[in-house]
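Protein chains in written order, with this note's numbering: chain A, 1 to 276; chain B, 1 to 276; chain C, 1 to 276; chain D, 1 to 276.
If you are wondering where the hints come from, they were derived from the structure by calculation, not from laboratory data.
Please read these numbers as outputs of a predicted model, since none were measured by experiment.
C-beta: ideal position from N, C-alpha, C; glycine also.
Among the hints, a few may not be true.
[Unchecked claim] To spell it out: a stretch of chain B is covered by chain D in this simulated footprint if at least three of its residues, at any positions, have a beta carbon under 8 Å from a beta carbon of chain D; those stretches are:
#, region
1, 47-53
2, 69-83
3, 89-97
4, 254-265
[Claimed, not checked] Listed next, the stretches of chain D that the computed footprint assigns to chain C, with coverage defined by at least 3 CB atoms under 8 Å from CB atoms of chain C:
#, region
5, 19-25
6, 212-226
Protein chains: 4
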Amino acid sequence: MSGEEKLSDAGLWKGYFKTGITDLPPGKILIRGYPLEELMGNISFAEVLYLILKGELPSKEEGKLMEAVLFGIVDHGFLSSASPPARYVVSGNPDPIHGIVSGVLSIGHFTGSPRASGEMLKEAYQIMKSEKLSIGETAKRIITKFREKKKRIPGLGHPLYTIDPRAARLRELAERYGKLGEYVKLMEAIHDEFVKTRGKEIPINTDGMMAAVMAELGFDPLEMEALGVVSYLPGIIGHTIEELKTGQIVRIIPPVITQYTGPAERHLPKERIKED
Amino acid sequence: MSGEEKLSDAGLWKGYFKTGITDLPPGKILIRGYPLEELMGNISFAEVLYLILKGELPSKEEGKLMEAVLFGIVDHGFLSSASPPARYVVSGNPDPIHGIVSGVLSIGHFTGSPRASGEMLKEAYQIMKSEKLSIGETAKRIITKFREKKKRIPGLGHPLYTIDPRAARLRELAERYGKLGEYVKLMEAIHDEFVKTRGKEIPINTDGMMAAVMAELGFDPLEMEALGVVSYLPGIIGHTIEELKTGQIVRIIPPVITQYTGPAERHLPKERIKED
Amino acid sequence: MSGEEKLSDAGLWKGYFKTGITDLPPGKILIRGYPLEELMGNISFAEVLYLILKGELPSKEEGKLMEAVLFGIVDHGFLSSASPPARYVVSGNPDPIHGIVSGVLSIGHFTGSPRASGEMLKEAYQIMKSEKLSIGETAKRIITKFREKKKRIPGLGHPLYTIDPRAARLRELAERYGKLGEYVKLMEAIHDEFVKTRGKEIPINTDGMMAAVMAELGFDPLEMEALGVVSYLPGIIGHTIEELKTGQIVRIIPPVITQYTGPAERHLPKERIKED
Amino acid sequence: MSGEEKLSDAGLWKGYFKTGITDLPPGKILIRGYPLEELMGNISFAEVLYLILKGELPSKEEGKLMEAVLFGIVDHGFLSSASPPARYVVSGNPDPIHGIVSGVLSIGHFTGSPRASGEMLKEAYQIMKSEKLSIGETAKRIITKFREKKKRIPGLGHPLYTIDPRAARLRELAERYGKLGEYVKLMEAIHDEFVKTRGKEIPINTDGMMAAVMAELGFDPLEMEALGVVSYLPGIIGHTIEELKTGQIVRIIPPVITQYTGPAERHLPKERIKED
Numbered sequence: 001m002s003g004e005e006k007l008s009d010a011g012l013w014k015g016y017f018k019t020g021i022t023d024l025p026p027g028k029i030l031i032r033g034y035p036l037e038e039l040m041g042n043i044s045f046a047e048v049l050y051l052i053l054k055g056e057l058p059s060k061e062e063g064k065l066m067e068a069v070l071f072g073i074v075d076h077g078f079l080s081s082a083s084p085p086a087r088y089v090v091s092g093n094p095d096p097i098h099g100i101v102s103g104v105l106s107i108g109h110f111t112g113s114p115r116a117s118g119e120m121l122k123e124a125y126q127i128m129k130s131e132k133l134s135i136g137e138t139a140k141r142i143i144t145k146f147r148e149k150k151k152r153i154p155g156l157g158h159p160l161y162t163i164d165p166r167a168a169r170l171r172e173l174a175e176r177y178g179k180l181g182e183y184v185k186l187m188e189a190i191h192d193e194f195v196k197t198r199g200k201e202i203p204i205n206t207d208g209m210m211a212a213v214m215a216e217l218g219f220d221p222l223e224m225e226a227l228g229v230v231s232y233l234p235g236i237i238g239h240t241i242e243e244l245k246t247g248q249i250v251r252i253i254p255p256v257i258t259q260y261t262g263p264a265e266r267h268l269p270k271e272r273i274k275e276d
Numbered sequence: 001m002s003g004e005e006k007l008s009d010a011g012l013w014k015g016y017f018k019t020g021i022t023d024l025p026p027g028k029i030l031i032r033g034y035p036l037e038e039l040m041g042n043i044s045f046a047e048v049l050y051l052i053l054k055g056e057l058p059s060k061e062e063g064k065l066m067e068a069v070l071f072g073i074v075d076h077g078f079l080s081s082a083s084p085p086a087r088y089v090v091s092g093n094p095d096p097i098h099g100i101v102s103g104v105l106s107i108g109h110f111t112g113s114p115r116a117s118g119e120m121l122k123e124a125y126q127i128m129k130s131e132k133l134s135i136g137e138t139a140k141r142i143i144t145k146f147r148e149k150k151k152r153i154p155g156l157g158h159p160l161y162t163i164d165p166r167a168a169r170l171r172e173l174a175e176r177y178g179k180l181g182e183y184v185k186l187m188e189a190i191h192d193e194f195v196k197t198r199g200k201e202i203p204i205n206t207d208g209m210m211a212a213v214m215a216e217l218g219f220d221p222l223e224m225e226a227l228g229v230v231s232y233l234p235g236i237i238g239h240t241i242e243e244l245k246t247g248q249i250v251r252i253i254p255p256v257i258t259q260y261t262g263p264a265e266r267h268l269p270k271e272r273i274k275e276d
Numbered sequence: 001m002s003g004e005e006k007l008s009d010a011g012l013w014k015g016y017f018k019t020g021i022t023d024l025p026p027g028k029i030l031i032r033g034y035p036l037e038e039l040m041g042n043i044s045f046a047e048v049l050y051l052i053l054k055g056e057l058p059s060k061e062e063g064k065l066m067e068a069v070l071f072g073i074v075d076h077g078f079l080s081s082a083s084p085p086a087r088y089v090v091s092g093n094p095d096p097i098h099g100i101v102s103g104v105l106s107i108g109h110f111t112g113s114p115r116a117s118g119e120m121l122k123e124a125y126q127i128m129k130s131e132k133l134s135i136g137e138t139a140k141r142i143i144t145k146f147r148e149k150k151k152r153i154p155g156l157g158h159p160l161y162t163i164d165p166r167a168a169r170l171r172e173l174a175e176r177y178g179k180l181g182e183y184v185k186l187m188e189a190i191h192d193e194f195v196k197t198r199g200k201e202i203p204i205n206t207d208g209m210m211a212a213v214m215a216e217l218g219f220d221p222l223e224m225e226a227l228g229v230v231s232y233l234p235g236i237i238g239h240t241i242e243e244l245k246t247g248q249i250v251r252i253i254p255p256v257i258t259q260y261t262g263p264a265e266r267h268l269p270k271e272r273i274k275e276d
Numbered sequence: 001m002s003g004e005e006k007l008s009d010a011g012l013w014k015g016y017f018k019t020g021i022t023d024l025p026p027g028k029i030l031i032r033g034y035p036l037e038e039l040m041g042n043i044s045f046a047e048v049l050y051l052i053l054k055g056e057l058p059s060k061e062e063g064k065l066m067e068a069v070l071f072g073i074v075d076h077g078f079l080s081s082a083s084p085p086a087r088y089v090v091s092g093n094p095d096p097i098h099g100i101v102s103g104v105l106s107i108g109h110f111t112g113s114p115r116a117s118g119e120m121l122k123e124a125y126q127i128m129k130s131e132k133l134s135i136g137e138t139a140k141r142i143i144t145k146f147r148e149k150k151k152r153i154p155g156l157g158h159p160l161y162t163i164d165p166r167a168a169r170l171r172e173l174a175e176r177y178g179k180l181g182e183y184v185k186l187m188e189a190i191h192d193e194f195v196k197t198r199g200k201e202i203p204i205n206t207d208g209m210m211a212a213v214m215a216e217l218g219f220d221p222l223e224m225e226a227l228g229v230v231s232y233l234p235g236i237i238g239h240t241i242e243e244l245k246t247g248q249i250v251r252i253i254p255p256v257i258t259q260y261t262g263p264a265e266r267h268l269p270k271e272r273i274k275e276d
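Please construct the entire structure, taking both the sequences and the accompanying hints into account.
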């Protein structure tokens with residue numbers, strides 16, 4: 001019996017897609033069990049994100065810290081690789097969704113995503129617990145491990161800031177809301193160890209502190225990347241709309257900042273020219 | 001002088017990109033003038049979206065209504081065209097951003113976007129003011145105009161709901177926060193006129209009420225579409241992450257719901273077969 | 001009975017998704033009926049695009065013209081709004097698909113898409129046939145109509161070229177392959193009429209000629225936009241890969257070409273500062 | 001001096017963006033040095049992709065094999081995770097580019113991309129050369145290595161095919177065009193070793209053979225992923241257009257294949273209900 005034949009067995013497909021997020025009984029929209037219209041006006045946008053991802057409402061303090069962590073990015077003007085694609089894209093195709101999506105696509109390994117930091121912290125935490133190390137010992141282990149693999153430590157350093165004001169403020173709020181736990185301390189110990197061994201005075205950046213605080217709130221690295229998108233969205237939307245309202249059509253990269261490095265003019269050999 | 005030559009004049013490109021959103025003086029991140037770390041912990045995510053788009057902070061009431069309007073969509077389970085692309089996409093490429101972006105791309109003319117309703121309300125408002133009509137007269141004019149053009153009235157009707165619970169709740173909150181103004185009344189008058197003339201008992205849907213409330217808050221249709229994206233994001237993120245954690249790889253559309261309608265097997269004519 | 005209940009009736013969903021493109025009987029992949037492995041090596045990539053969209057193989061001449069029309073864009077270096085988003089995006093998220101997708105998203109109303117020209121030509125053709133006008137009369141009608149609506153004529157003009165070399169060559173090949181029909185002539189008549197009435201010496205651009213030639217090949221405006229994507233893809237892929245291999249991480253828009261136009265530093269009023 | 005101040009030094013930004021792909025001297029479009037209008041009509045779309053990525057024209061045989069390798073995917077009907085997002089997306093937002101982009105985003109680690117196979121072959125080739133192993137010894141080493149890391153061997157197996165007809169045909173054409181070299185042999189040796197040691201009769205799939213043939217043509221894994229996008233594009237475009245022309249608006253996932261697994265209806269605790 002072929003694969004295709006087996007695939008047409010109806011029983012195989014019952015419950016092919018499962019979800020625990022939203023139920024839609026007659027006339028109702030239940031988000032993790034709660035009627036949507038009851039959530040509207042009573043909890044914050046940050047809280048509904050938490051509810052959807054974790055299945056339960058946050059406490060008051062967790063809700064406030066969740067809101068704070070969404071302020072980890074917001075916008076970084078033109079010194080960002082997220083606003084340029086949004087603006088170039090809508091200059092060619094004047095559709096807000098095209099612009100928003102393009103900005104979001106720039107988020108990832110090098111910018112805007114706490115995921116890499118979150119993966120490092122997750123690994124550090126597992127080592128710490130399984131080998132019963134102190135936070136300081138764990139930090140040393142991580143620094144050594146990354147150095148051996150010649151990998152950049154995520155969550156540290158910024159081209160512009162000696163102290164990242166977003167990270168500093170987020171730490172302050174984590175403390176206020178009772179979430180200055182082992183993940184934040186691990187991030188700080190890794191930072192201390194890095195500065196001590198490398199002798200470079202660089203800060204914990206906002207991605208690093210966001211990852212630590214999100215870990216305190218119980219999010220895993222995949223969820224951190226998704227929340228990074230939310231955090232960057234105000235700026236991405238802002239630039240998209242500003243370009244649509246006040247920008248230019250078909251923007252280019254100006255010749256004053258470009259250079260052509262390829263071959264000079266040349267032509268196809270005669271035998272490649274088709275006469276028919 | 002060629003176009004290209006003119007383009008290399010440096011003076012031409014000063015201020016090629018302008019923004020009023022974010023300034024980055026040494027060590028600072030100023031969002032519409034406010035230090036980002038000052039906004040973090042003091043205003044809500046809904047309020048920073050408002051600030052970025054409109055340039056000024058909302059009042060307390062506007063801030064609360066802004067938050068409410070972001071609950072206009074949230075999620076609609078599998079009875080949605082936003083969660084399926086998110087899930088299919090990450091089943092092939094297990095990357096959260098791919099999934100989120102695909103879900104967002106489904107938002108638009110037919111679903112998830114208050115833009116079409118917003119454009120209708122904007123047109124209605126302009127007619128009302130320029131021709132000094134009453135709200136009821138304006139609604140009649142709009143219904144007639146759409147009927148003549150054989151265009152669907154946006155913002156009305158839903159395949160599942162006789163009353164859309166999201167729209168009803170949002171209207172209640174608009175009233176609570178003092179924003180039950182001409183746009184909401186226009187939407188309701190257009191709805192009344194539609195029901196009266198067509199004899200169909202359909203509700204104002206959430207897109208329609210979101211558009212009316214966003215118009216009360218001073219947003220234009222392009223901004224409404226961008227805010228529709230934010231409103232749908234919790235669900236899109238939720239389905240993306242749920243699929244990544246508990247789903248399957250390389251999902252297909254099951255044969256029990258598909259049908260092939262094309263030609264039977266056939267073969268290339270001999271003269272099309274290449275031997276070299 | 002509720003909407004949701006009705007939705008769970010299995011009979012409703014038989015053949016919910018229909019396709020005439022590909023059939024997958026046991027062990028086979030039939031594209032419009034032809035075994036895929038038979039197409040591979042015997043027809044060109046341009047021909048399989050034609051086959052999939054139109055359901056039948058092109059003639060030899062149509063196949064060659066189809067290939068030519070895919071060369072209508074290819075790349076436009078940095079004087080393009082498609083290569084910048086691709087490069088910015090991969091500078092943040094070093095993933096080829098992110099870059100390609102961002103470049104593609106810039107294609108649309110203002111650049112890279114023959115759709116707008118195709119819609120104009122479709123309208124012109126319908127007017128010509130239904131009102132039994134000559135090509136020249138139709139062109140006048142179109143020019144008048146667009147002027148009255150204050151709409152830009154698509155397919156004409158280019159910031160750099162007085163003759164667009166791509167359009168000129170594509171016309172030459174359309175003639176060689178016997179497809180210099182009414183659509184190309186309409187495009188040329190519209191161009192002539194525009195130049196005569198406006199007194200501006202601007203060329204038919206590549207989007208305009210692509211639309212005319214694609215119309216000769218039987219494509220509609222939606223298909224033209226999709227084929228515009230294919231045509232731009234070599235450049236978008238090239239820039240994406242070049243940036244990944246030789247570019248920089250987290251590219252920004254350099255301050256030498258930007259300007260901040262927003263408010264000076266300011267602070268939240270005291271009553272907005274939260275102490276808890 | 002601050003980072004921002006340093007950034008405003010104009011000298012810093014000369015040649016910030018470099019490209020060797022396209023030069024645009026007055027009135028000309030030179031692709032890797034060749035006038036675009038000279039390429040149009042004389043080389044194939046597959047050849048211009050090769051030219052842009054590698055900087056030089058392919059030989060006749062390389063050009064033909066390049067064309068063949070773009071037939072490695074083409075379409076896989078509804079038994080694919082690329083066509084569903086394209087169709088769902090345009091059912092909500094009826095814009096061809098939204099659909100195309102969503103389909104492309106599904107390509108990646110698990111489907112449609114030869115990248116993972118290409119990375120394995122690259123690693124295998126380096127081991128073989130640096131340790132002077134035979135092809136068979138290298139294959140054993142790779143199988144052992146992947147087993148130790150508990151990683152799936154890419155490029156092998158298919159849910160439907162015991163022989164993948166696309167892979168078989170592509171190998172035949174690689175032989176015809178003189179490119180049956182070490183990469184194809186490595187892929188086959190890895191396959192043989194896998195079948196021998198695991199005792200599972202699974203085929204080399206099309207991704208695996210595409211990677212091997214692309215490696216013979218000199219492409220690296222990042223380029224392979226980009227070319228995978230091109231190869232899948234005919235199907236993605238076909239489904240997008242077919243849905244736009246003959247599909248439905250706002251498609252859902254039918255309840256006959258879904259299941260809700262979350263909590264029953266519940267309500268916010270009283271203290272969470274806001275009265276103001």
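Results for each hint:
1. For a cut-off of 8 Å, the count of residues in the region 47-53 of chain B with a CB near a CB of chain D stands at 0, and the three-residue condition is violated.
2. Judged by the Cβ-Cβ criterion of 8 Å, the region 69-83 of chain B is covered by chain D as claimed, because 7 of its residues qualify and three suffice.
3. Closer than 8 Å: that is the beta-carbon criterion, and the region 89-97 of chain B has 6 residues meeting it against chain D, so the requirement of 3 holds.
4. Coverage of the region 254-265 of chain B by chain D holds in this model, with 6 residues showing a Cβ closer than 8 Å to a Cβ of that chain against a need of three.
5. Here's how the region 19-25 of chain D fares: 6 of its residues keep a CB closer than 8 Å to some CB of chain C, so the rule of at least three is met and the hint holds.
6. Counting residues of the region 212-226 of chain D whose beta-carbon sits less than 8 Å from any beta-carbon of chain C gives 4, enough to reach three: the coverage restraint holds.
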